[in-house]
Amino acid sequence: MQDFEPNVVVFCCRWCSYAAADLAGTSRMTANPQFVVIRTMCSGRIDPEFILDAFAKGADGVLVTGCHPGDCHYVNGNYKTRRRMLLLEEVLEQFGIDRKRLRCEWISASEGGKFVKTIDEFIGTIKKLGPIDGIK
Amino acid sequence: MGKPKFAFYWCASCGGCEEAVIDLNEKILDLTAAVDIVFWPVALDFKYADVRSMGKGEIDVSFINGAIRSSEQREMAELLSKKSKTVIAFGSCAHLGGIPGLANFWRRKDIFERVYESVPTVKNPEHILPKMESKVDGYKLNLPEFYDTVSALDQVIPVDYYLPGCPPAPELITDAIDAILKNKLPKKGSVLAPDKALCDTCPLADSKPDKLSIKEIKRPHEIKLDPEKCFLAQGVICLGPVTRSGCGECCINANMPCRGCMGPTKAAIDQGAKGISFIASILGVEDEENTSDEDVRDLIKQIVDPAGTFYRFSLPYSLLKRKR
Ligand code: SF4
Ligand code: SF4
Ligand code: SF4
Ligand code: FES
Chain G
1 MQDFEPNVVV FCCRWCSYAA ADLAGTSRMT ANPQFVVIRT MCSGRIDPEF ILDAFAKGAD
61 GVLVTGCHPG DCHYVNGNYK TRRRMLLLEE VLEQFGIDRK RLRCEWISAS EGGKFVKTID
121 EFIGTIKKLG PIDGIK
Chain S
1 MGKPKFAFYW CASCGGCEEA VIDLNEKILD LTAAVDIVFW PVALDFKYAD VRSMGKGEID
61 VSFINGAIRS SEQREMAELL SKKSKTVIAF GSCAHLGGIP GLANFWRRKD IFERVYESVP
121 TVKNPEHILP KMESKVDGYK LNLPEFYDTV SALDQVIPVD YYLPGCPPAP ELITDAIDAI
181 LKNKLPKKGS VLAPDKALCD TCPLADSKPD KLSIKEIKRP HEIKLDPEKC FLAQGVICLG
241 PVTRSGCGEC CINANMPCRG CMGPTKAAID QGAKGISFIA SILGVEDEEN TSDEDVRDLI
301 KQIVDPAGTF YRFSLPYSLL KRKR
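Those sequence lines, one after another, are chains G and S.
Per UniProt numbering, the first sequence starts with residue 1, numbered consecutively.
Per UniProt numbering, the second sequence starts with residue 1, numbered consecutively.
Please note that the accuracy of each hint is not assured.
Okay, derived cross-link-like pairs now, DSS-like style, lysine-lysine, Cα gap no bigger than 25 Å in a straight line [what the hints assert, rightly or not]:
| id | chain 1 | residue 1 | chain 2 | residue 2 |
| --- | --- | --- | --- | --- |
| 1 | S | Lys224 | S | Lys211 |
| 2 | G | Lys57 | S | Lys266 |
| 3 | G | Lys128 | S | Lys323 |
| 4 | G | Lys57 | S | Lys323 |
| 5 | S | Lys323 | G | Lys100 |
| 6 | S | Lys323 | G | Lys127 |
| 7 | S | Lys82 | S | Lys47 |
| 8 | S | Lys321 | G | Lys57 |
| 9 | S | Lys224 | S | Lys208 |
| 10 | S | Lys321 | G | Lys100 |
| 11 | S | Lys301 | G | Lys100 |
| 12 | S | Lys266 | S | Lys184 |
| 13 | S | Lys182 | S | Lys82 |
| 14 | S | Lys208 | S | Lys266 |
| 15 | G | Lys127 | G | Lys117 |
Pairwise CB distance ranges, derived in the manner of DEER restraints [unchecked claim]:
| id | chain 1 | residue 1 | chain 2 | residue 2 | range |
| --- | --- | --- | --- | --- | --- |
| 16 | S | Gly138 | G | Lys100 | 48 to 58 Å |
| 17 | S | Gly308 | G | Pro69 | 27 to 37 Å |
| 18 | S | Asn290 | G | Asp3 | 40 to 50 Å |
| 19 | G | Tyr74 | S | Thr291 | 15 to 25 Å |
| 20 | S | Ser81 | G | Pro33 | 38 to 48 Å |
| 21 | S | Asp210 | G | Gly113 | 37 to 47 Å |
| 22 | G | Asp98 | S | Asp210 | 33 to 43 Å |
Per the computed footprint, the stretches of chain G lying under chain S, defined by three or more beta-carbons under 8 Å from a beta-carbon of chain S, are [what the hints assert, rightly or not]:
| id | segment |
| --- | --- |
| 23 | 64-78 |
| 24 | 91-99 |
Hint data in this document are derived by calculation from the structure and do not stem from the laboratory.
Note that the coordinates shown come from a computational prediction; the quantities given were computed from them, not determined experimentally.
All C-beta atoms, glycine included, are put in the ideal place defined by N, C-alpha and C.
So here's chain G without its partners, still in its complex pose (with noise of 0.2 Å):
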């Protein structure tokens, strides 16, 4: 799987996870860049069918970042979203995706260092499990 550039989504909420890829940025930084960031209000603004709907257009993994609990910006939605995720890995496992293309982790706005290194392993991650199968 060396040449293997996967396709990976990032969601991130507005006011914690994409702050800290601004800062992760400005502080120069470097991560693996073979993902794409959709930001979002909050996490619970993540939809399962956005996440459905990156892997039926060939995203080999989606990870969802978030604020850390208890500190939502609307209180509550990321509680939201890790019942929602847990849940739908259960799916996904259903429809034979492994439930390691799907990752969630609550990242603060000061924490640029862990935003790239969890981006550096989810990619690392992905990467040993191969592209996903499409609908043969």
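Chain G is already provided as a structure; the job is to place chain S with the ligands on it using the hints.
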């Protein structure tokens, strides 16, 4: 103008949708008085050749039920598409893939292996499986192709309208026929049912708490269901919040939760995803800040066969369409 010409056809279906037409009871007499039925293999003796000999657009309306799972069904759907001015996908299977669409959680080879070899009551020492072509005593026999993936009707031919439901409720069918006869059909592409969620019309809606919180998930056979109380409030998964109304609330009235056969409202692309989103959002986890993923998972694991639950009628029409 003569009477409009109707055709009825079934693809991968259980026969319930045909029954639903018969169940119009005396109204079926009004129907036969108002229209000419030019093709209806279940009820009347017509052959495929009769349809082939018709002119382009000769049939005014074709009602096609069932999903598309074989090449024969695809050919017939394509033929009817050519010969009809209007095509109506009739019932959940034609609309979204329906129950036969659940086969998309398997592959053709697994289905053949199960059905023709490993079912305990089957003995097949010669490993005979359906083949598209076989030779017997010098004769060549052909069978249609059994597709690996089941499709909804509009994934195979253009569909003008959808009559949802498993099967569609009698009022929806008669309303649709009325609309055809009075030339009052809505915009092409419409689903011929209200664009409202079932919870909005459910007789139990008043007993649905504003803030739902499910701490334990039950299946209908595991508890004594209270017929006066919203199923979700009893911890039983009901897909009313993510399902279109118009069925007459028949399951609810029979003390069973909604399984989602009417499909989603216009607000959703993927009914299953909406179900996942909604049910996850009302799971009751105490002191969530200090709860581990594992604890949340324990509650989620109480949902038996989540993909089958949320995509019971819509797997072929879902974003992922089938198992990878
Ligand atoms: S929609 Fe329901 S009743 Fe109609 S053919 Fe399919 S399974 Fe049968
Ligand atoms: S969740 Fe089910 S039982 Fe409750 S109001 Fe909605 S449709 Fe009715
Ligand atoms: S209650 Fe739900 S499952 Fe039952 S007929 Fe209505 S839409 Fe279909
Ligand atoms: S605002 Fe960041 S997770 Fe809700």
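Results for each hint:
Annotation: proposed proximity of lysine 224 of chain S to lysine 211 of chain S holds, straight-line Cα distance about 23 Å (limit 25 Å). Pair hint lysine 57 of chain G plus lysine 266 of chain S holds up; C-alpha atoms about 21 Å apart against a cutoff of 25 Å. For a cut-off of 25 Å, the pair hint linking lysine 128 of chain G to lysine 323 of chain S stands: about 21 Å separates their Cα positions. As the CA atoms of lysine 57 of chain G and lysine 323 of chain S are separated by approximately 15 Å, the hinted pair is consistent with the 25 Å bound.
For the hint pairing lysine 323 of chain S with lysine 100 of chain G, the CA-to-CA distance comes to about 16 Å; that is within 25 Å, so the pair holds. Taken as a hint, the lysine 323 of chain S and lysine 127 of chain G pair is honoured in the structure, with Cα atoms around 21 Å apart against an allowance of 25 Å. Between lysine 82 of chain S and lysine 47 of chain S the CA atoms are separated by roughly 17 Å; this keeps the pair inside 25 Å, and the hint holds. For the proposed pair lysine 321 of chain S and lysine 57 of chain G, the alpha carbon gap of about 12 Å is at most 25 Å, so the pair holds.
With a C-alpha separation of about 18 Å, the suggested pairing of lysine 224 of chain S with lysine 208 of chain S holds against the 25 Å cut-off. The hinted pair formed by lysine 321 of chain S and lysine 100 of chain G meets the criterion: a straight-line CA distance of about 20 Å does not exceed 25 Å. For the hint pairing lysine 301 of chain S with lysine 100 of chain G, the CA-to-CA distance comes to about 17 Å; that is within 25 Å, so the pair holds. For the given pair, lysine 266 of chain S sits about 21 Å from lysine 184 of chain S by alpha-carbon distance, which is consistent with the 25 Å threshold.
Between lysine 182 of chain S and lysine 82 of chain S the alpha-carbon distance is near 24 Å, which keeps this suggested pair within the 25 Å criterion. For the proposed pair lysine 208 of chain S and lysine 266 of chain S, the alpha carbon gap of about 23 Å is at most 25 Å, so the pair holds. At most 25 Å may separate the alpha-carbon atoms for a hinted pair to count; lysine 127 of chain G and lysine 117 of chain G meet this at roughly 15 Å. Glycine 138 of chain S and lysine 100 of chain G have their C-beta atoms about 55 Å apart, which keeps the hinted 48 to 58 Å range intact.
At roughly 31 Å, the beta-carbon separation of glycine 308 of chain S and proline 69 of chain G lies within the given 27 to 37 Å, and the hint holds. Range check, asparagine 290 of chain S to aspartate 3 of chain G: Cβ separation about 44 Å, and the 40 to 50 Å hint holds. Hint check: tyrosine 74 of chain G to threonine 291 of chain S, Cβ distance near 19 Å, so the stated range 15 to 25 Å holds. For serine 81 of chain S paired with proline 33 of chain G, a C-beta distance near 47 Å keeps the hint of 38 to 48 Å intact.
Hint check: aspartate 210 of chain S to glycine 113 of chain G, Cβ distance near 42 Å, so the stated range 37 to 47 Å holds. For aspartate 98 of chain G and aspartate 210 of chain S, the hinted distance range of 33 to 43 Å is satisfied, since their beta carbons lie about 38 Å from each other. A stretch counts as covered by a chain when three or more of its residues have a beta carbon under 8 Å from one of that chain; for the segment 64-78 of chain G and chain S the count is 3, and the coverage holds. For the segment 91-99 of chain G, the proposed coverage by chain S is satisfied: 5 residues have a C-beta within less than 8 Å of a C-beta in that chain, meeting the threshold of three.
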